Amino acid sequence: GSQSLASRNVLKVDQQSKTITWGVKADTRLFGLLDTKDGKIKGFEVDLARALTKQMLGSKGKAKFIQVTSSTRMPMLKNGNIDAIIATMTNTPERRKQVSFSKTYFYAGQSLLVKKGSSIKNVKDLNQQKGTVLGVVGSDSVQNVAKVAPNAKVLQLTDYAQAMTALKSVQGQALTTDNGILYGMSVQNPDYVVTGGTFVAEPYGIAVDKAQTPFLKKLNQALTELRANGQYRKILHKWFHNVKGFDYEEAAKE
Amino acid sequence: MSMIEFHNVEKYYGDFHALHNINLTIEAGETVVLIGPSGSGKSTLIRSINGLEQIREGQLIVNGQDLADPKTDINRIRKNVGMVFQHFNLYANKSVLENIMLAPRIVLHRKEDENKKIAMEMLDRVGLADQATKMPAQLSGGQKQRIAIARSLAMRPKCLLFDEPTSALDPEMVDDVLNIMKTIARDSSMTSLVVTHEMGFAREVANRVIFMADGRIVEDDSKDKFFNGEPTNERARQFLSKILH
Amino acid sequence: MSMIEFHNVEKYYGDFHALHNINLTIEAGETVVLIGPSGSGKSTLIRSINGLEQIREGQLIVNGQDLADPKTDINRIRKNVGMVFQHFNLYANKSVLENIMLAPRIVLHRKEDENKKIAMEMLDRVGLADQATKMPAQLSGGQKQRIAIARSLAMRPKCLLFDEPTSALDPEMVDDVLNIMKTIARDSSMTSLVVTHEMGFAREVANRVIFMADGRIVEDDSKDKFFNGEPTNERARQFLSKILH
Amino acid sequence: MIHIFQDYGGTLLYGLGQTLLCSIIALICSLIIGTFFALLEESPNKFARGIARIYIEIFRNIPLLVITMFFYVVIPLYVMKMNGFTAGTIGLTLYTSAFIAETVRSGIRSVDPGQMEGARSNGLTFWQAMRYIVLPQAFRYVIPPLGNQFVNLVKNSSTLAFVGGFDLMYQGNAIASSSLETMAAYSAVGVLYLIVTMPISYYMRYLEKRLA
Amino acid sequence: MLNNFIAAYSPDNLRYLFGGLGITLLVSVASIIGSFIIGAILGIVRYVKFKYFSAVVGFIIDVIRNLPLILILFFIYFGLPNIGVKPEVIPAAIFAMTIFESAMLAEIVRSGIQAVDPGQMEGARANGLTYWQGLWHIVLPQALVKMIPAIVSQFISLVKDTSLATIILLPEMLYRSQIIYGQNTNYIIPMFVAIAVLYFIVCYALSVLAHYLEKRQA
Ligand SMILES: Nc1ncnc2c1ncn2[C@@H]1O[C@H](COP(=O)(O)OP(=O)(O)OP(=O)(O)O)[C@@H](O)[C@H]1O
Ligand SMILES: Nc1ncnc2c1ncn2[C@@H]1O[C@H](COP(=O)(O)OP(=O)(O)OP(=O)(O)O)[C@@H](O)[C@H]1O
Ligand SMILES: NC(=O)CC[C@H](N)C(=O)O
Ligand SMILES: [Mg+2]
Ligand SMILES: [Mg+2]
Numbered sequence: 001g002s003q004s005l006a007s008r009n010v011l012k013v014d015q016q017s018k019t020i021t022w023g024v025k026a027d028t029r030l031f032g033l034l035d036t037k038d039g040k041i042k043g044f045e046v047d048l049a050r051a052l053t054k055q056m057l058g059s060k061g062k063a064k065f066i067q068v069t070s071s072t073r074m075p076m077l078k079n080g081n082i083d084a085i086i087a088t089m090t091n092t093p094e095r096r097k098q099v100s101f102s103k104t105y106f107y108a109g110q111s112l113l114v115k116k117g118s119s120i121k122n123v124k125d126l127n128q129q130k131g132t133v134l135g136v137v138g139s140d141s142v143q144n145v146a147k148v149a150p151n152a153k154v155l156q157l158t159d160y161a162q163a164m165t166a167l168k169s170v171q172g173q174a175l176t177t178d179n180g181i182l183y184g185m186s187v188q189n190p191d192y193v194v195t196g197g198t199f200v201a202e203p204y205g206i207a208v209d210k211a212q213t214p215f216l217k218k219l220n221q222a223l224t225e226l227r228a229n230g231q232y233r234k235i236l237h238k239w240f241h242n243v244k245g246f247d248y249e250e251a252a253k254e
Numbered sequence: 001m002s003m004i005e006f007h008n009v010e011k012y013y014g015d016f017h018a019l020h021n022i023n024l025t026i027e028a029g030e031t032v033v034l035i036g037p038s039g040s041g042k043s044t045l046i047r048s049i050n051g052l053e054q055i056r057e058g059q060l061i062v063n064g065q066d067l068a069d070p071k072t073d074i075n076r077i078r079k080n081v082g083m084v085f086q087h088f089n090l091y092a093n094k095s096v097l098e099n100i101m102l103a104p105r106i107v108l109h110r111k112e113d114e115n116k117k118i119a120m121e122m123l124d125r126v127g128l129a130d131q132a133t134k135m136p137a138q139l140s141g142g143q144k145q146r147i148a149i150a151r152s153l154a155m156r157p158k159c160l161l162f163d164e165p166t167s168a169l170d171p172e173m174v175d176d177v178l179n180i181m182k183t184i185a186r187d188s189s190m191t192s193l194v195v196t197h198e199m200g201f202a203r204e205v206a207n208r209v210i211f212m213a214d215g216r217i218v219e220d221d222s223k224d225k226f227f228n229g230e231p232t233n234e235r236a237r238q239f240l241s242k243i244l245h
Numbered sequence: 001m002s003m004i005e006f007h008n009v010e011k012y013y014g015d016f017h018a019l020h021n022i023n024l025t026i027e028a029g030e031t032v033v034l035i036g037p038s039g040s041g042k043s044t045l046i047r048s049i050n051g052l053e054q055i056r057e058g059q060l061i062v063n064g065q066d067l068a069d070p071k072t073d074i075n076r077i078r079k080n081v082g083m084v085f086q087h088f089n090l091y092a093n094k095s096v097l098e099n100i101m102l103a104p105r106i107v108l109h110r111k112e113d114e115n116k117k118i119a120m121e122m123l124d125r126v127g128l129a130d131q132a133t134k135m136p137a138q139l140s141g142g143q144k145q146r147i148a149i150a151r152s153l154a155m156r157p158k159c160l161l162f163d164e165p166t167s168a169l170d171p172e173m174v175d176d177v178l179n180i181m182k183t184i185a186r187d188s189s190m191t192s193l194v195v196t197h198e199m200g201f202a203r204e205v206a207n208r209v210i211f212m213a214d215g216r217i218v219e220d221d222s223k224d225k226f227f228n229g230e231p232t233n234e235r236a237r238q239f240l241s242k243i244l245h
Numbered sequence: 001m002i003h004i005f006q007d008y009g010g011t012l013l014y015g016l017g018q019t020l021l022c023s024i025i026a027l028i029c030s031l032i033i034g035t036f037f038a039l040l041e042e043s044p045n046k047f048a049r050g051i052a053r054i055y056i057e058i059f060r061n062i063p064l065l066v067i068t069m070f071f072y073v074v075i076p077l078y079v080m081k082m083n084g085f086t087a088g089t090i091g092l093t094l095y096t097s098a099f100i101a102e103t104v105r106s107g108i109r110s111v112d113p114g115q116m117e118g119a120r121s122n123g124l125t126f127w128q129a130m131r132y133i134v135l136p137q138a139f140r141y142v143i144p145p146l147g148n149q150f151v152n153l154v155k156n157s158s159t160l161a162f163v164g165g166f167d168l169m170y171q172g173n174a175i176a177s178s179s180l181e182t183m184a185a186y187s188a189v190g191v192l193y194l195i196v197t198m199p200i201s202y203y204m205r206y207l208e209k210r211l212a
Numbered sequence: 001m002l003n004n005f006i007a008a009y010s011p012d013n014l015r016y017l018f019g020g021l022g023i024t025l026l027v028s029v030a031s032i033i034g035s036f037i038i039g040a041i042l043g044i045v046r047y048v049k050f051k052y053f054s055a056v057v058g059f060i061i062d063v064i065r066n067l068p069l070i071l072i073l074f075f076i077y078f079g080l081p082n083i084g085v086k087p088e089v090i091p092a093a094i095f096a097m098t099i100f101e102s103a104m105l106a107e108i109v110r111s112g113i114q115a116v117d118p119g120q121m122e123g124a125r126a127n128g129l130t131y132w133q134g135l136w137h138i139v140l141p142q143a144l145v146k147m148i149p150a151i152v153s154q155f156i157s158l159v160k161d162t163s164l165a166t167i168i169l170l171p172e173m174l175y176r177s178q179i180i181y182g183q184n185t186n187y188i189i190p191m192f193v194a195i196a197v198l199y200f201i202v203c204y205a206l207s208v209l210a211h212y213l214e215k216r217q218a
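Chains as they are written, first to last, in our numbering: chain W, 1 to 254; chain H, 1 to 245; chain U, 1 to 245; chain X, 1 to 212; chain F, 1 to 218.
By construction, these hints were calculated from the structure, which means they are not laboratory data.
Remember, predicted model here, so these are calculated numbers, not experimental data.
For glycine and all other residues, C-beta sits at the position ideal for the given N, C-alpha and C.
Don't take each hint at face value.
[To be verified] Selected chain X positions facing chain W (in silico; Cβ < 10 Å):
| id | residue |
| --- | --- |
| 1 | F36 |
| 2 | M69 |
| 3 | P76 |
| 4 | Y170 |
| 5 | S201 |
[Said to hold, decoys possible] In silico DMTMM-like links for lysine to aspartate or glutamate, alpha-carbon gap of 20 Å or less:
| id | chain 1 | residue 1 | chain 2 | residue 2 |
| --- | --- | --- | --- | --- |
| 6 | W | K54 | W | E225 |
| 7 | W | K121 | W | E225 |
| 8 | F | K49 | U | E53 |
| 9 | H | K94 | X | E41 |
Use the sequences and the hints to build the structure in full.
Below, the structure written as structure tokens:
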């Protein structure tokens with residue numbers, strides 16, 4: 001099992017096959033979202049992964065994308081279904097026990113999405129009103145809420161499409177996750193707004209199996225190069241330049 | 001008043017013409033035996049008398065009420081017409097006593113103590129008073145059939161229909177059932193119509209013997225004519241010779 | 001050599017002792033009728049002869065082979081011992097002809113044209129040559145039983161077992177089946193053992209009549225002794241009087 | 001797997017409790033609804049039979065998850081508030097009731113028609129015969145398949161996980177992704193399901209044999 | 001309201017949804033074929049009773065039958081890689097469904113064989129056929145006819161159960177409907193109507209087939 005994965009050099013295998021298999025989100029607007037028109041996944045992370053692939057394997061390098069959700073991404077990485085996770089995944093100490101993270105490629109912060117005019121303006125309101133907050137199984141956001149707003153009830157859904165639908169059908173008063181993701185939702189659903197600022201820092205890293213140090217090194221190097229040659233900025237701009245209230249510089253922090 | 005009157009009755013199962021132009025009158029107190037080859041319509045005829053089968057055309061008057069008339073309450077007719085089946089059809093989920101007492105209780109609203117008294121009388125009459133608390137599954141076939149008869153009698157019907165009551169019994173059980181049927185048949189206040197191949201029974205207690213073939217009544221004789229005078233119908237003669245082997 | 005020999009045979013169903021110390025010898029060519037009340041063990045006895053039931057103790061020698069011996073190939077015995085059941089047990093998924101031809105083809109590897117010839121002969125013998133292509137469900141009970149007999153005969157057995165072959169039949173079908181059984185019984189090269197309550201049949205063709213009760217053979221008489229001399233056993237006498245009503 | 005029980009025992013037990021609670025509620029409700037539609041289907045009234053047929057066909061031929069999602073997503077949007085547990089239990093009830101209707105109906109059918117005829121000619125009405133004679137016997141036949149329906153209910157209640165029903169599967173998902181020990185977490189969940197379902201289905205097989 | 005329907009059923013969305021139907025059908029048909037073959041073999045093994053083998057097979061079947069399909073999907077999708085196999089979503093879904101449904105079918109096959117009148121086997125044995133000849137020529141053909149309705153309704157369940165594979169992100173019909181209405185709340189009802197109707201058509205067609213076969217057999 002994981003032994004066979006550990007004994008394998010993913011970088012070598014990928015260099016031979018000229019393919020990197022990335023686990024990406026398919027339900028998260030701006031980061032990774034499935035386009036029903038052509039069945040392709042599109043978003044900031046997808047573009048970044050593509051750029052990283054070329055940077056790491058040369059111009060013939062191909063990026064292969066497999067959908068993950070917050071709850072499937074870890075087992076799939078550990079099982080070797082995917083080589084790396086680039087799926088709005090926060091670098092946390094807890095997770096570092098299991099996987100290695102690249103340098104930060106997107107600096108997010110946890111926030112709330114509520115219906116316009118909601119009595120909940122921030123986490124404190126949520127705590128005081130003992131509201132129900134919606135999240136997604138396997139995100140650290142739900143664990144954060146338990147710490148920050150212990151009075152709030154947490155309801156975990158399987159993915160963000162579900163969570164958003166649940167918010168609309170008033171299964172909860174607020175949806176919590178990272179601001180970037182929430183902005184994506186409010187773009188699509190103008191009746192819902194991101195509110196209360198960020199209350200936990202959520203630096204995204206690309207997760208790689210612990211044994212794959214050569215791959216990780218190469219990945220970090222490629223990331224630095226993309227930042228240096230301006231491609232990173234271009235991709236970030238492409239996806240976020242017309243998102244209202246989004247703080248560019250914050251996100252690009254390392 | 002006649003007990004049962006068929007006037008030009010026609011019965012179909014879907015497209016299949018099961019009874020052809022049946023005309024038959026049975027007077028109160030008569031004992032009529034109905035015979036005929038398998039599939040000739042004996043069961044169909046007898047079952048239509050208490051409305052288990054619906055006729056398509058003609059008139060069928062039982063105890064003064066026309067069964068073809070939609071206003072006739074079939075449940076009222078059934079109170080007066082009991083039926084005993086080949087396979088007994090005892091209520092498998094009720095004890096012997098409950099089998100007998102159920103219909104009088106919920107249909108006739110007979111009072112509980114009277115109901116029980118009558119039920120025990122009937123059990124006594126069929127010689128099974130000691131089996132009252134058993135379940136049907138614990139009885140032999142002959143006992144089941146006697147209970148079924150007691151169940152019918154407890155409703156105090158004016159007329160009893162029997163559809164091959166002994167043909168599912170082990171040979172050594174047949175006599176007990178026939179004996180009870182004979183005492184019923186001799187009771188002049190009871191009309192009985194019996195489908196059976198037990199010619200000894202027919203000889204002993206029937207007033208009339210009716211022979212059916214292909215959904216028609218082809219012979220309707222007094223007992224003596226049937227057994228002594230040889231039936232006029234050729235098929236009836238053949239059949240008779242076969243079952244009297 | 002005797003066809004069938006029981007020596008001190010004991011048979012149990014779980015804890016239930018179904019056959020008690022059975023000793024019985026049937027010679028080749030005999031026709032033996034087995035009677036007795038329901039549950040007395042007639043079917044058990046007859047089914048153990050071709051290994052459908054296994055005996056616990058004693059010796060059971062059929063056609064020279066000991067059934068209790070584990071080395072005995074039961075399939076070889078069954079080639080020589082045919083059986084006809086109360087409920088016919090025709091293969092529901094095969095036509096009449098296929099019912100007859102299947103076992104000779106796959107057990108005896110009889111050649112196809114010969115197989116068909118023999119099958120048609122047998123059908124002819126039971127008077128149903130015109131029914132060859134029908135499915136069993138399209139036949140009457142009497143026809144089914146005659147086909148079942150033809151199926152057994154087509155294996156050219158030395159011995160035929162019949163377990164109440166007429167008791168599931170409509171009365172007017174009984175004769176046809178009995179007549180075929182009579183011709184078989186009269187064929188001196190065939191041994192037959194017949195469970196039946198048709199005393200007319202027993203009288204006409206049996207060599208011996210055996211009476212069972214409670215898992216024991218309580219009477220084993222020549223036909224004449226049984227019917228004329230009155231059986232010595234009290235239960236056998238009683239039973240006989242009931243079924244001869 | 002043992003340490004999953006040690007670390008998350010309380011959570012798992014709570015989930016098991018929710019699973020059993022919703023299964024039992026759904027069993028009782030679907031038994032009532034299912035029997036009702038089975039009787040409609042066996043009734044002499046053509047219109048009633050049609051209604052029953054439509055109800056049964058609809059709920060038999062649409063996935064449970066779709067029915068459940070409908071109650072979770074659509075009903076709160078347009079009709080009334082409803083949490084995942086409620087939506088899931090309603091979905092399970094409606095879905096299962098269609099199968100129970102079929103089961104009870106075949107139970108009624110497997111009662112010898114002679115029982116109905118005997119009762120009718122003994123003077124009982126159709127509904128009296130149904131109530132006193134046929135149904136009590138049908139239920140005896142139907143107990144093993146109903147037990148199996150209950151096993152199905154317990155298994156199917158895992159759809160509550162999709163709608164945040166806090167059932168065993170929901171807790172399993174949560175534990176799997178917070179402990180990051182996917183296989184161990186799901187194995188623990190599997191063991192708990194089996195503890196409930198295996199004894200029932202073995203007992204039902206025993207009953208089936210005994211009844212046959 | 002009507003506008004919502006028109007917008008929801010845009011050509012793109014419909015194409016996407018029907019693609020999901022295609023995957024639903026692909027997974028269904030592949031699992032139906034697989035589970036029919038495996039289930040039949042297992043059912044016979046269970047009926048015939050080869051000493052320990054049948055008992056072990058029986059126990060495994062019982063374990064699988066008594067677990068929720070969702071768990072089996074997880075075990076296959078997340079568990080198989082532990083032994084070195086890395087299935088894609090569609091093969092993983094087919095594999096999991098096949099395992100689960102084979103266990104269900106084995107049970108149907110076993111009880112179908114048991115429902116054949118024992119007199120048929122007795123007739124065959126008494127007629128000189130061996131046990132296996134009796135099973136093959138007489139009992140199995142009749143059992144198959146008897147169990148067709150149960151098998152078809154199991155296949156109906158199978159088609160419906162493919163929807164559970166959304167949990168491992170199988171892009172089938174239900175999953176795709178969620179993606180579509182995840183983008184626009186107004187599409188919720190149109191999407192539910194669409195998938196309910198599509199599932200209903202597929203499953204009802206199967207159940208009509210079952211009724212037809214049942215009638216033809218009677
Ligand atoms: N429910 C039914 N549907 C269609 N046909 C039927 C039905 N009941 C009886 N029949 C047919 O009607 C004819 C008469 O049947 P019926 O049972 O009255 O005959 P029977 O004289 O009682 O025969 P048996 O001696 O075998 O009881 C038969 O051809 C039978 O196949
Ligand atoms: N498979 C079985 N398991 C247990 N008991 C059995 C089995 N078969 C028969 N018996 C019992 O063995 C006894 C003899 O049965 P058997 O069938 O041989 O009687 P029979 O004389 O053929 O009766 P009938 O005239 O009713 O056919 C009965 O008490 C019966 O209940
Ligand atoms: N998609 C997510 O799960 C976002 C939540 C958070 N960034 C996490 O890693 O858990
Ligand atoms: Mg009849
Ligand atoms: Mg017997």
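Results of checking the hints against the structure:
1. Because the closest C-beta pair between X:F36 and chain W is about 30 Å apart, greater than 10 Å, the hint is violated.
2. Proximity of X:M69 to chain W holds as hinted, the smallest CB-CB distance being about 9 Å (cut-off 10 Å).
3. Annotation: interface hint on X:P76 holds; nearest CB of chain W at approximately 4 Å, less than 10 Å.
4. At its closest, the beta carbon of X:Y170 sits 7 Å from a beta carbon of chain W; the interface hint therefore holds under the 10 Å criterion.
5. Here the hint on X:S201 is broken, as its CB sits about 28 Å from the closest CB of chain W, past 10 Å.
6. A C-alpha spacing of about 11 Å is found between W:K54 and W:E225, which places the hinted pair at or below 20 Å, so the restraint holds.
7. Restraint check for W:K121 and W:E225: not satisfied, since their Cα atoms lie roughly 40 Å apart, outside the 20 Å limit.
8. Restraint check: the Cα-Cα separation between F:K49 and U:E53 comes to about 19 Å, which is no more than 20 Å; the hinted pair holds.
9. Proximity of H:K94 to X:E41 is assessed by CA-CA distance (about 26 Å); at most 20 Å being required, the pair is judged violated.
When each numbered hint is compared with the structure, violations occur for hints 1, 5, 7 and 9.
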